[in-house]
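In order, the protein sequences belong to chains A and B.
Position in the first sequence counted from 1, then plus 6, gives you our numbering.
Position in the second sequence counted from 1, then plus 6, gives you our numbering.
These are calculated hints, taken from the structure and not from any lab test.
There could be a bad hint or two in this list.
Because identical chains share one entry, a pair is satisfied inside a single copy or across any pair of copies.
25 Å max Cα-Cα, derived SDA-like pairs, lysine to any residue [as the list claims (entries may be wrong)]:
hint	residue 1	residue 2
1	K225	E119
2	K40	F117
3	K225	T68
4	K234	Q121
5	K33	E51
6	K146	F56
7	K40	N118
8	K129	D64
9	K146	G259
10	K139	L186
11	K40	E119
12	K234	T92
13	K146	P47
14	K40	Q121
15	K234	F61
16	K139	S176
17	K146	P266
18	K139	E244
19	K40	Q193
20	K239	G85
21	K146	F117
22	K33	V246
23	K40	R252
24	K202	R252
25	K225	E60
Computed from a predicted structure; not experimentally measured.
Protein chains: 2
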Amino acid sequence: MRSPSKTKSSTAPAANKIATRQTPCLKCPLRALKTFREFQPAELEFVEWFKTGEFASDEGATILMEGHSSPHLYTILSGWAFRHKTLPDGRRQILNFALPGDFLGLQTSMFNEMQHSVETLTKTVLCVFPRDKIWSLYEKFPGLAYDLTWIAARSERLLDEQLLSVGRRSAQEKMAFVLLHLFYRAQAVGLATGNKVVFPFTQQHLADSLGLSLVHTNKTLKALLARKWCRWKDGTFELVDEAALRELACYEGDLASLRPLI
Amino acid sequence: MRSPSKTKSSTAPAANKIATRQTPCLKCPLRALKTFREFQPAELEFVEWFKTGEFASDEGATILMEGHSSPHLYTILSGWAFRHKTLPDGRRQILNFALPGDFLGLQTSMFNEMQHSVETLTKTVLCVFPRDKIWSLYEKFPGLAYDLTWIAARSERLLDEQLLSVGRRSAQEKMAFVLLHLFYRAQAVGLATGNKVVFPFTQQHLADSLGLSLVHTNKTLKALLARKWCRWKDGTFELVDEAALRELACYEGDLASLRPLI
DNA sequence: CGGGATATTGAGTTAGTTCAACACAGGTGG
DNA sequence: CCACCTGTGTTGAACTAACTCAATATCCCG
Chain A
7 MRSPSKTKSS
17 TAPAANKIAT
27 RQTPCLKCPL
37 RALKTFREFQ
47 PAELEFVEWF
57 KTGEFASDEG
67 ATILMEGHSS
77 PHLYTILSGW
87 AFRHKTLPDG
97 RRQILNFALP
107 GDFLGLQTSM
117 FNEMQHSVET
127 LTKTVLCVFP
137 RDKIWSLYEK
147 FPGLAYDLTW
157 IAARSERLLD
167 EQLLSVGRRS
177 AQEKMAFVLL
187 HLFYRAQAVG
197 LATGNKVVFP
207 FTQQHLADSL
217 GLSLVHTNKT
227 LKALLARKWC
237 RWKDGTFELV
247 DEAALRELAC
257 YEGDLASLRP
267 LI
Chain B
7 MRSPSKTKSS
17 TAPAANKIAT
27 RQTPCLKCPL
37 RALKTFREFQ
47 PAELEFVEWF
57 KTGEFASDEG
67 ATILMEGHSS
77 PHLYTILSGW
87 AFRHKTLPDG
97 RRQILNFALP
107 GDFLGLQTSM
117 FNEMQHSVET
127 LTKTVLCVFP
137 RDKIWSLYEK
147 FPGLAYDLTW
157 IAARSERLLD
167 EQLLSVGRRS
177 AQEKMAFVLL
187 HLFYRAQAVG
197 LATGNKVVFP
207 FTQQHLADSL
217 GLSLVHTNKT
227 LKALLARKWC
237 RWKDGTFELV
247 DEAALRELAC
257 YEGDLASLRP
267 LI
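Starting from the given sequences, assemble the full structure and let the hints guide the process.
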């Protein structure tokens with residue numbers, strides 16, 4: 007049996023929280039991105055009403071916890087986070103990473119209890135929505151309801167891809183795949199500068215995401231970087247030979263279609 | 007690199023199809039099960055209208071194909087199927103299994119193109135819904151719209167669990183987990199007789215689901231069966247020591263909550 | 001009877017794991 | 001300012017879970 011990955015979540019449950027209202031949805035910087043679909047004025051007004059505040063969190067904070075429920079749903083306004091599950095002995099699997107524009111806690115509103123945790127990788131600002139208002143969304147704004155289903159279906163799609171990766175790709179392929187995938191996603195929300203993106207996660211996070219041990223993740227990463235198709239130094243990832251990486255990763259879809267932002 | 011699992015889908019794309027209307031939703035045998043929530047008369051009437059027919063398929067038939075789109079959504083009325091993805095060189099990952107009451111093809115209605123395939127394991131009867139009618143569901147029946155999101159969130163949950171399994175459980179744990187999981191799901195839709203269920207899949211399917219090779223799957227299964235906590239002979243699975251299996255599998259949730267049936 | 005799909009088993013190989021040591025950076029308290 | 005600590009990254013060595021290859025046994029079906 008594999009030994010648990012002994013990751014200490016550096017900070018204890020969420021520090022510094024601010025619940026002040028700051029960014030009006032109308033001026034949400036994410037809406038400007040061409041990644042997101044445009045809203046009707048009425049929809050926007052509703053979302054404005056739906057949003058009850060913002061939540062600023064430190065890095066390494068646990069936003070939602072496995073086995074607990076939460077009265078809130080969240081959208082990431084800025085920052086990175088990740089969803090994960092752990093086995094009783096501590097082995098951890100990162101399910102996926104969450105970037106600005108991503109929705110968190112849909113399970114909360116559907117099932118009451120979360121079966122995974124969410125932890126931040128950076129300082130993060132979240133838009134907060136009360137789950138008890140969600141029903142009025144379904145009643146009054148079928149377009150937004152459709153969007154919610156769309157969002158859930160999209161996560162499912164990402165998970166499918168991740169599952170294929172963890173189950174059937176070799177370590178090197180997995181590595182190439184995840185780096186490329188995260189690069190594309192970051193790029194889609196405007197986090198890329200040319201072919202560079204700041205990656206806020208550690209090798210331990212990659213290991214837990216890919217289902218590999220830390221040591222082997224390190225060796226695999228080294229081997230991949232030695233190919234010179236990408237660089238990763240001082241927290242910054244740089245894509246050099248996209249085609250070569252895609253080939254290695256068996257990367258097919260682009261997953262970067264137009265999406266809603268609730 | 008692992009070699010592709012050379013699985014030949016026995017039958018070519020779907021054989022014998024019958025598109026006659028047979029089971030009125032009102033008398034749907036699945037609705038009788040306590041697993042599914044009750045519908046309002048108006049909802050039922052709508053679903054009746056939404057459903058355009060039934061589709062009877064042979065075993066081993068491909069219902070939906072990766073990279074293609076489909077004008078239909080499906081619900082399984084009877085039979086087993088599975089969703090899967092493949093890499094260019096043929097390595098296959100089974101994403102999950104689908105049982106009666108499960109919804110297929112939500113991705114079709116949200117994204118146009120499927121990124122996974124769906125294949126039957128047994129003779130299967132599917133309820134057919136045209137995707138172009140789905141919008142009226144959102145407009146007129148928020149309750150059903152909510153259900154659709156619920157269904158998508160549930161699949162996500164199952165995938166989370168599956169991902170944890172493939173990424174972090176040992177072969178033996180994976181095996182125990184998947185058998186237990188499928189037993190529970192089959193039981194929930196009335197396919198169990200006492201502690202026995204007919205499992206229609208082969209070891210190759212298990213291998214592709216767990217991310218293991220066929221040979222190792224066989225050896226792992228043998229070793230598990232040698233523990234006498236369950237039996238599997240002539241296609242019938244029998245649960246003997248549930249507690250022991252759960253312990254081995256690190257099985258936690260039950261995933262068998264009340265659900266909608268569209 | 002022959003062919004195809006499935007299950008089984010043994011033997012050798014390898015990808016990935018575990019253990020252990022060390023290097024480096026940043027942060028803290030004396 | 002230094003000593004110390006903790007989180008992160010690196011590397012080598014030994015081990016093992018899982019893989020590949022290959023052969024054989026069944027069974028079902030036409």
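Results for each hint:
1. K225 to E119: The answer is neither: 38 Å in one copy and 37 Å across copies each exceed 25 Å.
2. K40 to F117: Between copies, since 17 Å is at most 25 Å while 32 Å is not.
3. K225 to T68: neither (29 Å within a copy, 40 Å between copies)
4. K234 to Q121: neither (39 Å within a copy, 30 Å between copies)
5. K33 to E51: Within one copy only: 12 Å inside, 43 Å across.
6. K146 to F56: For K146 and F56, the Cα distance is within 25 Å both inside one copy (12 Å) and across copies (21 Å).
7. K40 to N118: So K40 and N118 pass the 25 Å test across copies only (20 Å; inside, 34 Å).
8. K129 to D64: Result: close within a single copy only, 4 Å intra versus 53 Å inter.
9. K146 to G259: neither (34 Å within a copy, 34 Å between copies)
10. K139 to L186: For K139 and L186, the Cα distance exceeds 25 Å both inside one copy (37 Å) and across copies (37 Å).
11. K40 to E119: Between. Shortest inter-copy distance 21 Å satisfies the 25 Å Cα cut-off; intra-copy 34 Å does not.
12. K234 to T92: Neither. Shortest intra-copy (34 Å) and inter-copy (28 Å) distances fail the 25 Å Cα cut-off.
13. K146 to P47: Classified as both; 14 Å inside a copy, 21 Å across copies.
14. K40 to Q121: between (33 Å within a copy, 23 Å between copies)
15. K234 to F61: neither (40 Å within a copy, 52 Å between copies)
16. K139 to S176: Neither, since 44 Å and 42 Å both go past 25 Å.
17. K146 to P266: both (17 Å within a copy, 21 Å between copies)
18. K139 to E244: This pair counts as neither: shortest intra-copy Cα distance 42 Å, inter-copy 45 Å.
19. K40 to Q193: Within one copy only: 11 Å inside a chain, 46 Å across chains, cut-off 25 Å.
20. K239 to G85: within (20 Å within a copy, 52 Å between copies)
21. K146 to F117: both (22 Å within a copy, 24 Å between copies)
22. K33 to V246: neither (34 Å within a copy, 60 Å between copies)
23. K40 to R252: The answer is within: 24 Å in one copy meets 25 Å, while 47 Å across copies does not.
24. K202 to R252: within (17 Å within a copy, 46 Å between copies)
25. K225 to E60: Cα proximity of K225 and E60: none, with 40 Å in one copy and 53 Å across.
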